[in-house]
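J.: Starting from the known structure of chain A, fit chain B onto it as the hints suggest.
Each chain, written out:
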Amino acid sequence: MDRLDSPPKELVVTCRSLGISESDLVAFVAGDLDDAGRYGEVWFALTSEELLVCKAHDPTRERAAFAAGNSDGLYNIERIPLDQIDEITTENLVGNGFLVVTVSGEPRRVCQFTNSQARKFGIFAKVAEKARKGEPVREEDFSDGRPAPFCPRCGRLYPEPERAICPHCMDKRALTLRILSFFAGYKAHIAAVIFLMLAGAGLNLVSPYLGGRVLFDEVLNPGGRYEGRVFEAVVLMALFNLASIGISIMHARINAHMTAHVIAGLKTQVFSAMQRLSMGFFTRKQTGGLMTRVNADADQLQYFFHDGVPYFIVNSLQIVGIVTAMLLLNWRLALLVLVPIPLLVWFMNKAFPRLWRLFSRRWRALRSLNAVVNDALTGIRVVKAFGKERQEIERFGRRNQRVYDVSLQTGYFTSTFFPFLGLLMHSGGWIVWGVGGWHVLEGEITFGTLMTFINYLGMLYGPLEFMTHIVDWWTACINSAHRIFEILDTAPEVAEKPDPVRLQPMQGEIELRNVTFEYEPNKPVLKNVSFHVRPGEMIGLVGHSGAGKSTITNVICRFYDVQEGAVLIDGVDVRDVAVADLRSQIGIVPQETFLFTGTIAENIAYGRPGATMEEIIQAAKAANAHDFIIKLPDGYETVVGVRGQDLSGGEKQRIAIARAILHNPKILILDEATASLDTQTERQIQEALKRLVQGRTTIAIAHRLSTLRDADRLIVIEEGKVVEMGTHEELEALQGVYYRLREKQREALAIRGVAAG
Amino acid sequence: MQQQDQHGLSEYVDIRYLDPATARFSETPGGFVRLVIGEEESYPRVALYRAFPFSFPDRYISVRDMDGNEIGMIKDLNEFDEKTAKLILRELERRYFTPVITQIESIKEEFGYAYWDVRTDAGPRRFTVRDMQSNVILLSPEHVLIIDVDGNRYEIPDYHKLDARSRKYIEDLL
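Chains as they are written, first to last, in the numbering used here: chain A, 1 to 757; chain B, 1001 to 1174.
To be clear, the hints were calculated from the coordinates, so they are not data collected in a lab.
Mixed in with the good hints, there may be bad ones.
DSS-like, lysine-lysine: derived pairs with alpha carbons at most 25 Å apart [to be verified]:
| id | chain 1 | residue 1 | chain 2 | residue 2 |
| --- | --- | --- | --- | --- |
| 1 | B | 1168 | A | 350 |
| 2 | A | 527 | A | 130 |
| 3 | A | 126 | A | 621 |
| 4 | B | 1075 | A | 350 |
| 5 | A | 126 | A | 631 |
| 6 | B | 1161 | B | 1108 |
On a predicted model such as this, the values are computed, not experimentally measured, just so you know.
Pulled out of the complex, with its shape left as it was, chain A reads as follows:
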């Protein structure tokens, strides 16, 4: 059985001496902080009768003692009988947590652990509680339904705890092959590109030979084979150049066509994959960044395949070709010329990364400067109202100074770096001129050979420089590809069953049965929530913000799956219902209305694309939206959304209601639908809502309790639990949580009245 951690050998021996065998251990867990708050080791062992706290003051010393065959007293073991324990819990703090054991009414901090261990200790506490109550401990108690957060192969934490991808162990070759597999449909294109590249590289190699050996030795040299035929030589050189350019144009065009096509397809794939994913994926931390990076990642791939790969091939061919040609022409001179090359490569390898780092630092400084500009200009009303122009100028000045500093650093660096690089490059030239020139005088080589060498050498530097950063480029490309694949490969957590139950039509009966739900491990948002809603009933969810009201609607819509208990609609577990049936018959009017870029009519008909114009107008009328829409210059064809006409909050809200009316769901969720509106608008929307809720099961969340007047029953939620349930009158009479909430709101309203007067 999985027992969280496996005990070290020494401890097993020590336990045995206490009469506890390994099979007695129900759970075993290792903490990573000692009593003094330093990183250390503390073990907890749980048997069916007691909790053992095993502390080792100096693990290395004790391991050594154990190795020496002395296993007595290695551990300071404290045994707490379970029947003396009132409660075992964990407490989450900042950057760490406690395991708290209450013994005879006195809470005791038995151990501190870093956040990395929080999950494990949460499970341990849960298991220990079960053992304490004498309940049987089962295999599934050792899991919180989440995969292990570390790589089983190397033990490294996954950079994203929710995604089992270890950047260290992931198969880079497989990734590369997978990227290349996108190009599988372009075999003919690839063959053409490679052929053209080879031809181009060959032509490139010939040019220096023509311009050196042939021109100087055979054409310009008295007694040369083609003496005096300058015109033909120049035409030939021009032709070669033209051919080489023609070839590179051709392969660049084929390549551009191919990469653009592949990347466009990839982007569509990624976007459809994202649409398929569950809500949890989107709300999880960091995924926001992941999403916005996707497009940039696809572009990165495109650049790499458009520029990187072809240049890599061309440049490799060029380097090999040039070196071979030089060796063939004169191997001794060639070897001499190549002497400074390793030095050059070393220098470039050393200096270029520093240059990129400086550039990215400057880029970051610029970005933070832009943020200040953006802040001050978008918030100009606030700046002016508080008279803080001077302060903003100072803030700008500070960031600007940083940009200046980094720019200066970059400037200094480049102004030294590039001349030095040039110097190194020239040093190869000096050798050729010096040694080669001497050879020419000696008559060992011709002047043409010397010129050919000089030309070849000049052609070598570009490709060499390219090679110094191709590895980084490749790494970045793999990284981008990896992120893209992650999205492509993420399976939606809320997946439909293979043979789902069809609920067509839905009655609208809702039941929550002992629902426990947490977004993050050990932080339950809903605790054992149960209630039943009859078809057509209107329920108001009441409670402080953060009590778990919106979460309840989230699990009813099955945006998330609950950890314990079940959500039933028409008596069927939502996990068994066809997702399409669920979505088509549950409607939401959220607090923050989102309108897509498009016309008002399109927005109203979002849930039912085939709706007729009459239906759209009827829905708008029911939502009290028709009148204001008609008054707009473009009527129902007014473009709204991100780049469209600005509507007020109330107007958007009414469009959202019209959308819900047309969608005609059996279950309607109103999530603070009227919270951000003024009283006049609210009244209009209340009217609209009244029409909307008819004949539907409605769950309404509202801060202002007065807006829940029409609810059949109210459910009061506090800290994730149902604390009161009943009609308005019943709850008033109870004089409990609801009553106090109402009192508070009345007071608040009275204060506002005073303030307004």
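T.: Relative to the frame of chain A, chain B by itself:
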């Protein structure tokens, strides 16, 4: 009327500072903190929060009961006797567990994630940071806060004071 309002408001905004003369903190047998104020008020266990964890770690400390209601604030720990101050500081350091990085052995970046190997005042530690742009935070021109993938926190109060190699690692990040 105006005055009455003012009075009503002050009930909400006035800070109740705990008086060192009457507020007595002590350690429970279980290692937590108990508070007794004067003769009547007694809390078997209190939780302590810092209002300004970075700038004023030992001032403006909110003392709350276990339901999260504020009992009062400690204006400055130095007002209390040494033993009490020590007890409270230890409790605070437990809540805001943030080891101070004293030396950076290495930071290896792989595929956008950084693997740190450091020495801290709580011992050597390896941890993983994702998205260094947003998880390595410059709190002031010299104070650096680092948050790892599990939400563990580490700080460098003044990175200029680190050894040259460690400093270079940080400078390259900022």
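J.: Tell me if the straight-line CA distance from residue 1168 of chain B to residue 350 of chain A falls inside 25 Å.
T.: Between residue 1168 of chain B and residue 350 of chain A the Cα gap is close to 16 Å, so the pair holds against 25 Å.
J.: Please verify whether residue 126 of chain A and residue 631 of chain A have alpha carbons no more than 25 Å apart.
T.: Between residue 126 of chain A and residue 631 of chain A the Cα gap is close to 61 Å, so the pair fails against 25 Å, i.e. violated.
J.: Within 25 Å, alpha carbon to alpha carbon, are residue 126 of chain A and residue 621 of chain A?
T.: Roughly 54 Å between the alpha carbons, so the hint for residue 126 of chain A and residue 621 of chain A is violated.
J.: Given the hint that residue 527 of chain A pairs with residue 130 of chain A, test it: the Cα-Cα distance must not exceed 25 Å.
T.: holds, 17 Å
J.: Do the alpha carbons of residue 1075 of chain B and residue 350 of chain A lie within 25 Å of each other, as the hint requires?
T.: violated, 53 Å
J.: Checking one constraint from the list: CA of residue 1161 of chain B to CA of residue 1108 of chain B, max 25 Å. Satisfied?
T.: Holds: residue 1161 of chain B and residue 1108 of chain B sit about 22 Å apart, inside 25 Å.
In this structure, the earlier hints numbered 3, 4, 5 are contradicted, and the remaining ones agree with it.
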